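*Asks:* Each chain, letter by letter, is given below.
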Amino acid sequence: AQSVTQPDIHITVSEGASLELRCNYSYGATPYLFWYVQSPGQGLQLLLKYFSGDTLVQGIKGFEAEFKRSQSSFNLRKPSVHWSDAAEYFCAVGRGNTPLVFGKGTRLSVIA
Amino acid sequence: DAGVTQSPTHLIKTRGQHVTLRCSPISGHKSVSWYQQVLGQGPQFIFQYYEKEERGRGNFPDRFSARQFPNYSSELNVNALLLGDSALYLCASSLDGDYEQYFGPGTRLTVT
Chain F
1 AQSVTQPDIH ITVSEGASLE LRCNYSYGAT PYLFWYVQSP GQGLQLLLKY
51 FSGDTLVQGI KGFEAEFKRS QSSFNLRKPS VHWSDAAEYF CAVGRGNTPL
101 VFGKGTRLSV IA
Chain B
1001 DAGVTQSPTH LIKTRGQHVT LRCSPISGHK SVSWYQQVLG QGPQFIFQYY
1051 EKEERGRGNF PDRFSARQFP NYSSELNVNA LLLGDSALYL CASSLDGDYE
1101 QYFGPGTRLT VT
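Chains as they are written, first to last, in my numbering: chain F, 1 to 112; chain B, 1001 to 1112.
Heads up, some of the hints might be wrong.
[What the hints assert, rightly or not] Calculated pairs, DSBU-like style, for lysine-lysine (alpha carbon to alpha carbon, straight line, at most 30 Å):
1) K104(F) with K68(F)
2) K1030(B) with K104(F)
3) K1013(B) with K1052(B)
4) K104(F) with K49(F)
5) K1030(B) with K61(F)
6) K1013(B) with K104(F)
7) K49(F) with K1030(B)
Honestly, the hints are just simulated from the structure, not real lab data.
Being a predicted model, the structure only gives us computed values, none of them experimental.
This is chain B alone, in the form it adopts within the complex:
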């Protein structure tokens, strides 16, 4: 079975632009969480979605938004990019929003 997939793998954007990151969960998993991992730090929680509803949101500005589609895939959108948004963005899926989370390989975003 395929694991969690994320696209694109790498991305370079300019300050002020917006970006959309995509995540496909493991088949049968209904929950997706997004994390930001800056270099040298642990992942930091951004959003969790379960059955297309937002279940939790971390301490991130409104420039960050996400949604989950009927097939349980998810998008993370970031507007008005700042240099500080450069990070590895990780997606994790779980069966029903529990802590048994499976992580994808991440999308490396570089903002110049």
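Same shape as in the complex, but just chain F:
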């Protein structure tokens, strides 16, 4: 069965520091891959997606993610974190007619 693992439940970074959120997936074929962000009391906002092609994907708000087939990973990165990036981040996978499967999320805290 398809599954998504986000190993880090909670990460704290200093403002201006770099960020990497990990995502590993289990899927029969190469899935479509997504990162969403959820602020408190808000719905999910799509940060970026990977369908095929270039394995380094650029998204909104300065985020990027890299698909590594050999590691079944799709880690999210940002070179310099802003206080407004504090939120919950979800990795998700899907393919064809199958519904999206989400990880349990990583909560990001940003300190001054």
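Please arrange chain B on chain F, whose structure you already have, making use of the hints.
*Replies:* Same frame as chain F, but now just chain B:
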């Protein structure tokens, strides 16, 4: 343009009651999906509707049902509520059922 809207924002129900949650998709979007997000977990797929037809259903009991109306808005119904149904219910719309989904702010359901 208005995004995905959901009503009500919050709801408190008693065990055994039923509840109806409503969702209005982005104008022009023909597909609506419903997700349940329990505290500390990622969203879990419940239903997808496209052009008023059920396209997919997640692993939820028959107490959960949904429908889509001619104007593409949607209702999620849950009967015989259990404490475990307490969650944030998210609606997402997409143009034609693809993975470019836009999420609403959700309805917070509390069952006591």
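*Asks:* Now look at each hint and say whether the structure bears it out.
*Replies:* Each hint tested on the structure:
no.: 1; hint: K104(F) with K68(F); verdict: holds (20 Å)
no.: 2; hint: K1030(B) with K104(F); verdict: holds (28 Å)
no.: 3; hint: K1013(B) with K1052(B); verdict: holds (28 Å)
no.: 4; hint: K104(F) with K49(F); verdict: holds (18 Å)
no.: 5; hint: K1030(B) with K61(F); verdict: holds (28 Å)
no.: 6; hint: K1013(B) with K104(F); verdict: holds (26 Å)
no.: 7; hint: K49(F) with K1030(B); verdict: holds (21 Å)
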